[in-house]
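From first to last, the protein sequence lines are chains A and B. Residue numbers for the first sequence follow our numbering, beginning at 10 and rising by one. Residue numbers for the second sequence follow our numbering, beginning at 10 and rising by one.
Since the hints were derived computationally from the structure, they do not count as laboratory data. Be careful, since some hints might not be right.
In silico DSBU-like links for lysine-lysine, alpha-carbon gap of 35 Å or less [as the list claims (entries may be wrong)]:
1. 332(A) <-> 79(B)
2. 79(B) <-> 51(B)
3. 51(A) <-> 332(B)
4. 180(A) <-> 79(B)
Number of protein chains: 2
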Amino acid sequence: MADKRSYHMTPDEFRRHGRAVVDWIADYYERIENFPVVSRAKPGEIRGSLPSSAPEHGESFESMLQDVEKLILPGVTHWQSPNFYAYFPSNNSFPSMLGELLSAGLGVQGMLWATSPACTELETHVLDWLVGMLGLPDAFRSTSTGGGVIQDTASSASLCALLAGRERATKLASNERGCDGHLVAYTSSQAHSSIEKAVKIAGIGRENLRLVEVDRDFAMRPDALDAAIRQDLAASRLPCFVCATVGTTSSNALDPVRAIGEICRRHGIWLHVDAAMSGTAALCPEFRHIQDGLDLADSYAFNPHKWMFTNFDSNCFYVRDRKALIDTLSVLPEYLRNRATESGAVIDYRDWHIPLGRRFRALKLWFVIRHYGVEGLRFHVRRHVELAQGFARWIRDESRFELAAPAPLNLVCFRHYRGDAANQRIMDRLNSSGDLYLTHTRLDGRLTLRLCVGQWQTELRHVELARQRIGEEAAALEHVA
Amino acid sequence: MADKRSYHMTPDEFRRHGRAVVDWIADYYERIENFPVVSRAKPGEIRGSLPSSAPEHGESFESMLQDVEKLILPGVTHWQSPNFYAYFPSNNSFPSMLGELLSAGLGVQGMLWATSPACTELETHVLDWLVGMLGLPDAFRSTSTGGGVIQDTASSASLCALLAGRERATKLASNERGCDGHLVAYTSSQAHSSIEKAVKIAGIGRENLRLVEVDRDFAMRPDALDAAIRQDLAASRLPCFVCATVGTTSSNALDPVRAIGEICRRHGIWLHVDAAMSGTAALCPEFRHIQDGLDLADSYAFNPHKWMFTNFDSNCFYVRDRKALIDTLSVLPEYLRNRATESGAVIDYRDWHIPLGRRFRALKLWFVIRHYGVEGLRFHVRRHVELAQGFARWIRDESRFELAAPAPLNLVCFRHYRGDAANQRIMDRLNSSGDLYLTHTRLDGRLTLRLCVGQWQTELRHVELARQRIGEEAAALEHVA
């Protein structure tokens, strides 16, 4: 029990309970394949097991950890299971967890350089490391005109990019005066829903987001983008933002960044490149072609919390011109003034995103990069791509299935020849079996299954199990009318 | 070293390194008073100690933890020191750290109910608990028309509230069409900078934020608010949002929520109440008067990560009408469709904030509440208020100092009679001594020192040390020309 005088857990109790939690997590990963990947909880079931009001008196930590096992775990869908292939991964690693724990332990606020210099400097430093690791444009380095920052998610990064683009476009037109209803933004019809959300948030309005047509591979058509921009300009509208996607959520389509970038440069429009999952592939030189043309982009984001073994949240957002971003988001009240800020010699990350407060997220990224080394990270990216490509070959060879889109990296989109109901049935049966977890999308109007290989512990045997189970469910379909 | 075949840290290595990190944190708290509270690092010093590029090969965890001690710690400002009185606190506790660790270990995404039911249901449940614990309006319960959600910060919560207010006001005027340049928002001249930031983000424009005059206690004047709204209406502008503050960052001023709420109701304007730090005081019935009138608010936020022993980030955001919030932020792409969402029986928190992805933050809040019990949390709030009130009495009795604002709770604003330079000198000398950390504000145009008691391990002896050191620096001033 806690210190009687203060109710606090003592340091020695923390040592003991901390070990118990570390062991619980280690045990969890040793038995993770025993759980059904998708939780079988019914709506309200978890809540129903909890007391209706908060306890008046403190409880033992042991009882809390027991409740995690007994009440919470049945309601968990195991995102870290090696049999998880749904959505995009949100992967993880032991070094990352330890970085998160240290960050929680130190409990510093990194809103200003002055409020904890190491929090800002390690972040700037590791984000500069990543420029080299991924072969990103030098302008994204903090030692150049740009720089990187850790945001929570790609949604927030896209919003910040849109705002910077909006401000750049309206500087002469309506500075400080709010939107004027003539701004227009562009992304492909396959882009992430966060772009639509960002456009709503920024007051540009959903009607003023153009969903540009895609080609047969679901990548944005530059000619269609150019035509849309010209049409808006002719109608006296103000194009302010283009978002290209390197690896769409739906099918991993790769928008042609160079061609899009040239159009944006010609019209002076802010280009943001969203590479939330696939950006990590650029660790390997042989995959860097996916970001060809990135030197023409104004901003870029990818999520180490998707495919680079860093637990959520960790989005890396880069800009070519940090002044444009800071001017967009900076507000400086008296209570945050300090000498370091006024010297101009430091970065204050509060001006680089929506929130003011921020935690020491660079620690976990630093731990992951140092633990694996660049070679270890490359090893896993290559292995995941190889496993996905092996699965794609099987689909190509399987007469009952077809590939629904190119599979350039680690996501495979496929469907059974018998149409939507059959594919829905296959997916539902696989997911409710507990053996694996797949999700779907819709391509060319047809229900399509997605298998994304990116979980940190996924091995060949797991993908072979997936193949076998998909084959079995397809075979079972033969007996269904 | 890591598993040779996979580069992963093995579960057994994680057990060992995890213990080392837990012990490091326990040790850190046992020696935290030995460090200067404010880091003495110079700009660039931390970066200068790090290798210029990422390691090609993995390194040992031992070397990483040694670097935390040797390279990072000197760049840390000790927010968790009991001698930290700056800004608002960002406090912490051992049970909270363990909740954060478990959340990192499970690594689930709670964007949809379906992606991990326990993540959503525990959050909804604990936020309903807090309605009871704090005496909030019943409409904020998920079982009524409203509900609560964990956001990262009060800045993000204010932005979401503003967006919901903007959508409500423009529903008939410009639905889906973006801002029309006639929207107006209101807050007091003492409100947090995040409101100005939110107004910029939302495309309303800084010019259209009215900073309403305050009374002698720095609280918003309802008559001035009413006059400003009437003036805007007369000019055919569209008032959409009012933010009242319960405990301003500058001086802990308490806006009169009931009077403001009545004005908002009369004009049909969304009222958000920002109680980022002070909201926690409502755990104690004797302090609940600060939120009188909250039944008239449309939304409300407070931060357990400030004063309720929950490590950053943890902001609790409540709305009276969840449909208004969801309609504002919802976008539903095919790849997120699922049966549970379509049944309408579940909450999908992705529609309650800016990001899509979200981690299992309810775990740490659940651990904190269960560990301390409501009585333990109340004990600390009362103790902090008592310590701050004792300090305020000393200031009142000290002829060299004066209180610069009322000190209703745990923040004391004070200044030396000799003016700005003297106060700046006192603050600089205190902070550079390493003994404690204070920050400043400006009230009535004069530099004012702030002492906020809210760190979890702050005891009477720490506040007595602060008193003594402030007295010494004031005495030293006597010898300065």
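We went through each hint and held it up to the structure:
| no. | hint | result |
| --- | --- | --- |
| 1 | 332(A) <-> 79(B) | holds (33 Å) |
| 2 | 79(B) <-> 51(B) | holds (16 Å) |
| 3 | 51(A) <-> 332(B) | holds (23 Å) |
| 4 | 180(A) <-> 79(B) | violated (46 Å) |
In summary, the structure is inconsistent with hint 4 from the numbered list given earlier, while agreeing with all the others.
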